[in-house]
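Visitor: Construct all of the structure, not just a fragment, from the sequences and the given hints.
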Amino acid sequence: MKTASTKMIRLLIFIVLALIAIMSMYPLFYMAFSSMKPTIEYIKHPIALPETWYFDNFKALFYRFSLVRLFGNTVLYVGLSMVACLVVSVPAAYAFAKLKFRFRNGFYVAMIATMTIPGVTFIIPNYLLMSRIGWTDHIVSVVVIWAVSAIPSTVFLLTSLMRGMPDEVLEAIKMDGAKYHQAMIKVVLPMSLPGVVTVSIFNATNWWNDLLTPLIYLQSDHLKTVTVAVATVLNRFSSDYPLLLSGLLLASLPPIAIYIIFQGFIRKGLVIGAVK
Amino acid sequence: MSLKQERWVGWFSLLPAFLLLAIFVGYPMFNTFFHSFTEWDGVNSAFIGLDNFKNIVSNGDLPLMLRNNLIFLLSVPGILLISLTVSVLLHEEVRGWRFFRSVYYLPAILSSVVIGFLAKSMFTNRGVVNTLLENIGLGRFTVDWLNTVPTEFMILILCFYWQTLGQGTLIFLSGLSSISNELFDAAKIDGTTWRQRLFYIVIPSLYPAIFYFTIVNVIYVFVGLFGLVYSITGGGPGYETTPIDYMIYIQAFRSGNMGYASALSVFLFFIVMLITWIQLKISKRLEQ
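From first to last, the protein sequence lines are chains A and D. Numbering of the first sequence is given in our numbering, commencing with residue 1 and proceeding in unit increments. Numbering of the second sequence is given in our numbering, commencing with residue 1001 and proceeding in unit increments.
Since the hints were derived computationally from the structure, they do not count as laboratory data. Be aware that a few hints might be false.
What the hints assert, rightly or not - Partial pick of chain A residues on the chain D-facing surface, computed with a CB cut under 10 Å:
no., residue
1, Pro46
2, Leu49
3, Pro50
4, Phe101
5, Phe103
6, Pro125
7, Ile145
8, Gly247
By construction, the Cβ of each residue, glycine as well, lies at the ideal position given by its N, Cα and C atoms.
Guide: Structure representation (structure tokens):
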């Protein structure tokens, strides 16, 4: 009898979880289906499935909004920021995790403390600083701001992972008299690759999804990122919801793809943050 | 490497990171603090003492902004409870729980802008939500969701919940899986009920995770709502749905009141510092 009632309870739990899953997923399906409807059909039947598969919204986006350029821009900015951020963060994290020197803990606390400062407090002076150097409306501004603002959290995550690297291997290279940068590239980087991938996934999706930074620093349409273009350019056609929704769908595909491929890394990264 | 060498390698490894942080975080912060005492349009600044702060307190925006932030703040316990419940249910490991876990996190990977516009399109007058209500015979409950303040807040909070559920369940699930099975089995043998185990074993061992989740999201409702507010309400009507961080954007980049915006930033800075301070206090106590 006990098993029968446990089975009932488990079935009930399954149903509740499935309902929540449907609620979680429905907006995404709605977005996908609506983007394949002509505007009139969308207005008449917002709920129904599309009657025929209709791709003109995507064509319109492609021809009217230089979609390739927007995606190219975003991939370029994200890629450059990732490289810049890692070049600065990996040595710092390694130093915090494995080297002994004076004031190490003091520096570490200072670095972590900057994580808690809200970004809006320094956006105005940074904007003016950039415009004085002549970097506003130029990709450098976005890359620099993205890379720098991600340094503290990147260092934090990499440090806590690098602490787990076996000291014996590192001692062995020191004995061999290997130069610092060789040890960095040949040993430290490969050994901390899972951490580097995890933190880069987080940074890349954050940057891809960021609105404020590119919105403020980039004014020209041909420099915009996908997210900003969706929020500003497409919003001018806000009555044409299927067009807007197909733009949203395209803007979401890269993060969704990253998520599906790298799920395990993302779960691990989140938990590291929570345990500390 | 000798110790002395190691010291220099250590400092040089930190140098680029700290140099960049000094230029793009340290300097701007002092600059913001300084300009919060000035009238400033981005080019010319004139020292006006505490006038900006007096203005914040007296011009009537402050209670409104604080009310708006408070509404979001009060929505945090809700998503905490939902995430906790869902992760306890997921932890029963019924068929398909791994799939559900993945699905719940999916919205968290999307941009606030996408989530915001998506929700906006669903809640328009002739959108899916109203159509659905009519189709199931609840036509009298249809509302012009995007044009009344309470329902606007409801949509914003709904989006916030939708974004956050996956994060919560992942954090709590990892906390749950760290509870030792022996403790659990021993409690079962002692004849405890499911509910007793929930309240005396499961919840207490989740305290650190609950605490972390709460702090992260409390800070988020103060500094992270920009994308949602921008895409759903634009802060309107008037400033009825404008939280502090969005107001800083409006004042600085739409109205050009950079001094006033700086003062607001300083204000927000101290709120976040206060929350962080509380976090440190409590986490020290938890460790003991």
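Visitor: Take the hints in turn and mark each one as holding or not.
Guide: Results for each hint:
1. Interface restraint check for proline 46 of chain A: the shortest CB-CB distance to chain D comes to about 5 Å, inside 10 Å, so the restraint holds.
2. Taking 10 Å as the C-beta contact cut-off toward chain D, the hint placing leucine 49 of chain A at the interface is violated, the least distance being around 13 Å.
3. The closest approach between the C-beta of proline 50 of chain A and any C-beta of chain D is roughly 14 Å, which is over the 10 Å cut-off, so the hint fails.
4. For phenylalanine 101 of chain A, the shortest C-beta to C-beta distance to chain D is roughly 3 Å, which falls under 10 Å, so the interface hint holds.
5. This hint holds: phenylalanine 103 of chain A has a C-beta 9 Å from the nearest C-beta of chain D, less than the 10 Å allowed.
6. The criterion of a C-beta within 10 Å of any C-beta in chain D is met by proline 125 of chain A, whose closest approach is roughly 4 Å, and the hint holds.
7. Given the 10 Å rule on beta carbons, the hint for isoleucine 145 of chain A holds: about 7 Å separates it from the nearest Cβ of chain D.
8. For the restraint placing glycine 247 of chain A at the interface with chain D, the shortest Cβ-Cβ distance is roughly 9 Å, inside the 10 Å limit, so the hint holds.
The structure shown violates the earlier hints numbered 2, 3.
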